[in-house]
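So the sequences go chain by chain: A and B.
Remember, the numbering used here sits 140 above the position in the first sequence when you count from 1.
Remember, the numbering used here sits 8 above the position in the second sequence when you count from 1.
The hints are simulated quantities; they were obtained by calculation from the structure and are not laboratory data.
It cannot be assumed that every hint is accurate.
Said to hold, decoys possible - Simulated crosslink set (BS3-like; lysine-lysine; CA at most 27 Å straight-line):
(1) 237(A) to 216(A)
(2) 216(A) to 17(B)
(3) 237(A) to 30(B)
(4) 48(B) to 61(B)
(5) 61(B) to 237(A)
(6) 197(A) to 208(A)
(7) 46(B) to 237(A)
(8) 216(A) to 30(B)
(9) 49(B) to 216(A)
(10) 221(A) to 46(B)
(11) 49(B) to 221(A)
(12) 30(B) to 44(B)
(13) 17(B) to 208(A)
(14) 61(B) to 197(A)
(15) 61(B) to 221(A)
(16) 221(A) to 197(A)
(17) 44(B) to 216(A)
(18) 48(B) to 30(B)
(19) 216(A) to 61(B)
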Amino acid sequence: GQNIDQPTEMTATEGAIVQINCTYQTSGFNGLFWYQQHAGEAPTFLSYNVLDGLEEKGRFSSFLSRSKGYSYLLLKELQMKDSASYLCAVRALTWGKLQFGAGTQVVVTP
Amino acid sequence: DTEVTQTPKHLVMGMTNKKSLKCEQHMGHRAMYWYKQKAKKPPELMFVYSYEKLSINESVPSRFSPECPNSSLLNLHLHALQPEDSALYLCASSQGRLLAGIHETQYFGPGTRLLVL
């Protein structure tokens, strides 16, 4: 089975940086995804890590340590539109299976 | 273009009704997925189709019946649902390559919000 943990909610001010941590315990691992989901909308793909290290994509970066079962998503220069739920998802060895964490609600304040 | 479309956007049905949810993608993806998402919870995988064949059924009750008529379309037939089945139903698609990598990113449709009375 798989267990994926991330904080329930984080609050930060516009222009600041927020780091969302995700820890996982899985029977197999074949990649970790981060998705953004605004209320009532579909999840949208943000980033993918399968090897250890940092992947940078504009204002968003994602880090993975497979030995520690740990990832984080870093959001820089926060904007009001970044207020959303951020989902950490692990792909198991079984093809096609993506297991999601409960999501972290990020609230950006003026 | 990473668009997955779903119809209808909203659906209200009684427990004796039969209805269908539809999903379409024109990205040439060969894998398609149904997820169920309750409020403030993560998406839960229901079914996976690979090359129009059902490859994963996550022990979903038979009142949910998936169908993949062709590589672009995915349906979810609903019959005799219960109020606890009310949720957001998400469709997703991915390339369908066996050697999973970044190309196996799943792209989600906007979902159908279902209310069962």
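*Kindly indicate which numbered hints from before are broken by the structure, ordering the numbers from low to high.*
Those not satisfied are hints 1, 2, 4, 8, 13, 14, 15, 17, 19.
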